[in-house]
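Q: Chains as they are written, first to last, in the numbering used here: chain Z, 225 to 620; chain G, 225 to 620; chain V, 213 to 591; chain F, 213 to 591.
Hints are computed from structural coordinates only; laboratory data are not their basis.
Careful: at least some of the hints might be erroneous.
What the hints assert, rightly or not - Okay, the calculated beta carbon distance ranges per label pair:
1. G:N301 to V:Q260: 50 to 58 Å
2. G:Q369 to F:S424: 55 to 63 Å
3. F:N522 to V:G406: 51 to 59 Å
4. G:E496 to V:Q260: 55 to 63 Å
5. G:E234 to V:P272: 48 to 56 Å
6. V:G406 to Z:E496: 23 to 31 Å
7. V:P444 to F:S408: 55 to 63 Å
8. V:A259 to Z:S389: 40 to 48 Å
Just so you know, even glycine gets a beta-carbon here, dropped at the ideal spot from N, CA and C.
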Amino acid sequence: MTALDTFREETRAWLQENCPESMRTPMPEREMPWGGRNASYPNPDTKVWMDRMASRGWTAPEWPAEYGGGGLSKEENKVLQQELAAIKARPALTSFGLWMLGPALLEFASEEQKQKYIPEIIKGEIRWCQGYSEPGAGSDLAGLQTKCEDKGDHYLVNGQKVWTSYADKCDMIFCLVRTDTTVKHDGISFLLIDMDNEGVEARPIKLISGSSPFCETFLTDVKVPKENLVGELNKGWTIAKRLLEHERSMISGMGMGAGAASMGGMEAVAKENFGTDGEKIADTSIRQAIADHKMDQQAFGLTLKRASAEAKSGQGMGAASAMFKYYGTEVNKRRFELLLDVLGTQALGWEGEGFDSKELAVTRSWLRSKGNSIEGGTSEVQLNVIAKRVLGLPDA
Amino acid sequence: MTALDTFREETRAWLQENCPESMRTPMPEREMPWGGRNASYPNPDTKVWMDRMASRGWTAPEWPAEYGGGGLSKEENKVLQQELAAIKARPALTSFGLWMLGPALLEFASEEQKQKYIPEIIKGEIRWCQGYSEPGAGSDLAGLQTKCEDKGDHYLVNGQKVWTSYADKCDMIFCLVRTDTTVKHDGISFLLIDMDNEGVEARPIKLISGSSPFCETFLTDVKVPKENLVGELNKGWTIAKRLLEHERSMISGMGMGAGAASMGGMEAVAKENFGTDGEKIADTSIRQAIADHKMDQQAFGLTLKRASAEAKSGQGMGAASAMFKYYGTEVNKRRFELLLDVLGTQALGWEGEGFDSKELAVTRSWLRSKGNSIEGGTSEVQLNVIAKRVLGLPDA
Amino acid sequence: MALVLTEEQTMLRDMAKDFFTEQVPVTNLRKLRDEEDDLGYDKEVWAQIVELGFAGILIPEEQGGTGFGPMGLGIVMTEAGRTLAATPLYSTAVLGAGLILAAGSEAQKNDLLPKIAGGELLTALALEETNHHNPANVAMTAEKSGDGFKLSGEKKFVIDGHIADKLIVVARTSGAAGDTQGLSMFLVDADAKGVSITRTHMVDSRNAAIISLDGVEVSADDALGGIGAAYPELENVLDLGRACIAAEMLGGAEAVFDTTLEYLKERKQFGVIIGTFQALKHRAAEMFCEVEICRSVVLEALSALDERRNDVPAVTSLAKARVGEAARLITNEGVQMHGGIGMTDAVDMGLYLKRARVQAQMLGNSNFHRARYADLGGY
Amino acid sequence: MALVLTEEQTMLRDMAKDFFTEQVPVTNLRKLRDEEDDLGYDKEVWAQIVELGFAGILIPEEQGGTGFGPMGLGIVMTEAGRTLAATPLYSTAVLGAGLILAAGSEAQKNDLLPKIAGGELLTALALEETNHHNPANVAMTAEKSGDGFKLSGEKKFVIDGHIADKLIVVARTSGAAGDTQGLSMFLVDADAKGVSITRTHMVDSRNAAIISLDGVEVSADDALGGIGAAYPELENVLDLGRACIAAEMLGGAEAVFDTTLEYLKERKQFGVIIGTFQALKHRAAEMFCEVEICRSVVLEALSALDERRNDVPAVTSLAKARVGEAARLITNEGVQMHGGIGMTDAVDMGLYLKRARVQAQMLGNSNFHRARYADLGGY
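So that you can see chain Z by itself, here it is in the shape it has in the complex (with noise of 0.2 Å):
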């Protein structure tokens, strides 16, 4: 019996023992285990599950042991996951820390900082925001104006921040802000600021699907500690770089299998609405659009596949990721607009009565889907990084 073996014994066992009943059935939103000083924990489960987990680092499995991380190795990681996965155990911690702050903190901050914060985003006591757009800095981020100013035993931040996720929510926020205003890429610090700060103010945004999770952040003569930054002053940029690319990833994946789903997918709301002649949806040119979309949709999957596949043989598709962002929200976009032209009038409800709530679900994603070719680098910057990384063709 192998090392890796064993460890699989010992894990299934443990995960047998401490992961709670209730913590193997599907999550509602609302019991989502974003930790933090102000959580609250509709299901008591979710919070020793939370604080089982963390006990053994295993929130972080691969972070170092000295932080309170599992001191895990890829393949012991692997086989954690594979035994979660088996028993349907739910997400012990879910966390801009441990998706986004932690590594970055991991590689670019003070042996102070990792000692102050990994621990305490491990066990899920603080939770993070991130702050990087600004109203006038959106496509062009390091455009952004926050202004950060030294003020000898601390920093005087003035500004805006928007597309804040969870910031009336969450307890502290880790910020591009501007320290030299005479350049640009080189002018950006990293800061981390207390929410509970005198001058801080978050104000949920409406978007046009409704109700987000997306905050604006009103930052007002704040005062910060000088410890609060990470990396070197000006030295910002390079940590954004590392996180956005992360982010670029996880939003080209986002709400593909989302839509017809729930209804038995996009082919049977058409038989449904139009009829059947024989197996077939009896109006053609529906049926037709839906299997040209179909086609573009197993198509855009089996690229993701083949790069995931040329990525393992050392091959790699370049810039991929630009790619996998423009087309994939695109699909996803064109997808809900063939959707709505099958449901007809039952996809045009907002609330209330005369639609179910799956009508509803598709109303507002399809309206939420408009976004997706906006946020973390809208289509045509995409399009621009191909141009320019993939393709190499030259600027202006």
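Given chain Z, work out where chains G, V and F should sit, using these hints.
A: Frame of chain Z, contents of chains G, V and F only:
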């Protein structure tokens, strides 16, 4: 009876007497009355008709009588055209001299030049071609490099023109040449060159659709008399702009009716290829694609009509020619792609057995249609023009 | 063919534009929505519309209207569309007045048309029974009962159904769903016994209703037009409705295009105005072409209706389908080109996007009208 | 699933790429065309192809082939497509070898496959009878006559029909045009009595033939596969053919894309490289995405064939339709982005454009395959 009525009666009588019977029949391409020094007349009536009409100046009805033109008013010319149409008379003279050069000479040339060239054009004695584009100057026409040096008693011209229609059959060419290399638009002059000169060579261009009237024209140490300069030195761009507007409006109307017309229309072709379900084309998706396309065509036709109605009522659509050039040529290209789908393999012949002449014409026209969105200003240039002149979007 | 407005029509347009811009801007719709207004329209605004003569714009002067005809009505709808004005114009001034004019008896005309023109009567057409427009696909029954009829069945997507005083109900006196024969129209009071009305909240913050009729009794006098023979007149008025929705959609598309163009000239990224980016320029130029094309087809459809031409069905299908697709493109581009703020509810792009999709489905989407256009073309 | 080439396959690709680039560049096709070559292919080149083992690439080693399977064949077709190589690969190495392998008796295999691999035998599939691909739509009759059959009818669009030594004729032994039952395949010598072959000159400067059979006598031994039961095996091999044409189209699209991209980096107008214009950049980026998508679907179709998976029909339809549309876009953009010179015969863009449209029609265009994909999806 008004003067115009009298004119109509006289005209009708004169045409009745002077238009040869064979000139009232449809004109085969080889009998087109291009005129010129080396013209041949497979049908001798062509020459008779040309000479008779020229003798009255009616090959150029509205041009001043002092240069041999008809000297007619707009209203009289309208009457003349109606009477010509009534007897289905062929044009007496087809000529770039009439369409393009003549109006430019009347506006920009010296009195001597007018007296020399205008009568020749009206009589069809000289066949003209136009030399604008160069291999390196397509969309950027003003980037032309054909060098014209002042050698004291003559100009010396060196360079190459492309897309000179019928250059291999013409007597003279009107050309844009570079007379100042230190500036762009203000270094261009408008020059008339005899094709019989030493150093002038025209080679026909074969297109993807087969042979074409276009030529490459090489100018090598060509000596040109100084009196052949039209307008001021370095002011040729003004003349060129006037001529180009005219060319653009000619192309956007081009070939819109062609395609499946000879086969009874695309619908009839589709019925033949896909069968019918009652009156309907049996393949619904082809049917919808055809309807979609015919809607585009009808909508475009209505927009042309509206523009002309607005122009008459003085409202004006503004820079409309760019829109029509763009939209018209793109619709035309889509139409041929659709027609190929409908005709299947019968639209894929090149020559010889297995395809009838109508089918072969579709194939060639499909290929030729690809050039419509390039010649006379590419689609990209038209979009630039709309963005700048109509929408007022700023330059970078 | 009148592809250019007359002087009188131009004046009407300017008047309508001023009115909607100043009195019924988009904030009016936002207010109705955010205050969860029970009616979904503003009685004040409607009174002003009546005052301006727009409620009776189709109705001859002798019956209290202004008699501007379909072109005049379309002009007003375009301007209403520019500001997303939520009014009963479509349900009452277009469909209600249109159907009574087309099919009503003299008595019905003399009774009802002055009330519509005077703002005393709101109507709603209860036609659709499935998710997709199909005017012959009516299963609601009108059973002979004494001298009158008993109506039973369910209607959906009845625009302004919950505010109408009178419903115009399409029901079947014979035949089966799908037949064009056997359809009849009845005027039914909204508060008649057996009528139950459920307001639905649509994505465009406008409203529609589900209406069920359970043995509702109507007299023979309540029939609008001949029994069993409603289809031809209904179709004619539906074409009027289609042209008017196309006109309204055009107004929305124009507003989105104008706003987006302004934004392209204003918004800076990477230190430059984003309108200098050639890719956006070309897309803006393409939208411009689409708007121009849409103007032509809408004018043509309205002219055809004005002139009672034979090609009314074909050109209204052309207008509805062509503008529907253009509005889809333009509203999508409007959101995308505005970037992140285009996704927020604070900016109007989303409101136009939502309205455009509802308009696209009203009285037949592009797919329906492409098929109809082909049918009418004999292929 | 093998979406990445193995080392062996990569070597094969490199070998094929070198061969076609160096020995069969586009000038080879131009020469055949301009010299109005009677055969329409170059015997020298074919000899080299045979030498390299490509003619027998599907054929097992024991029968003289190289046994690389569908993936290997597709790889070679892609490279052939890049240079528009006019060879009998498709008619003989794909369809001929494929059909004999799938349906042939041991005797037929042992007789014919070594000849194909050895370059001694060219074949052509005589299937189509109408303007649009439809493998069941066969009216040609095969009437029982003694121990054999008599074939009568007309075939069109028979690729390489006039150079083939043996025709594989699909004829009907029972049923009516449209039935999948009752189809049979026969091996017919091109010079058999009653066969008349008319070469047609296609827009892509390749050739096809119209072939009429007037009571052509064949023996029972000439049947390829079971009498009346040819359809399933035929369809399997047609899927191989579809995947291989998709692969060839992909090669052409890649070549056009590469050439156009180079041109964008080179060509100057208005004093700048036109590849700096953002609108062209975005369109180039979109083409790049299309090429990548096409690579995936072609690899998937070939893998499915290699692995004899159940989803072969669906993924070959996916590949044929998806690459067909991408090739249409890319060849159109190739001409447009080259501007005027793209329209001249002197530049290769037009040759790729023409070839792409012929490939699009071979064994079913996008419309056909979208419908088939939907059928297979059960909707």
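Q: What are the numbers of the hints the structure violates, in ascending order?
A: none
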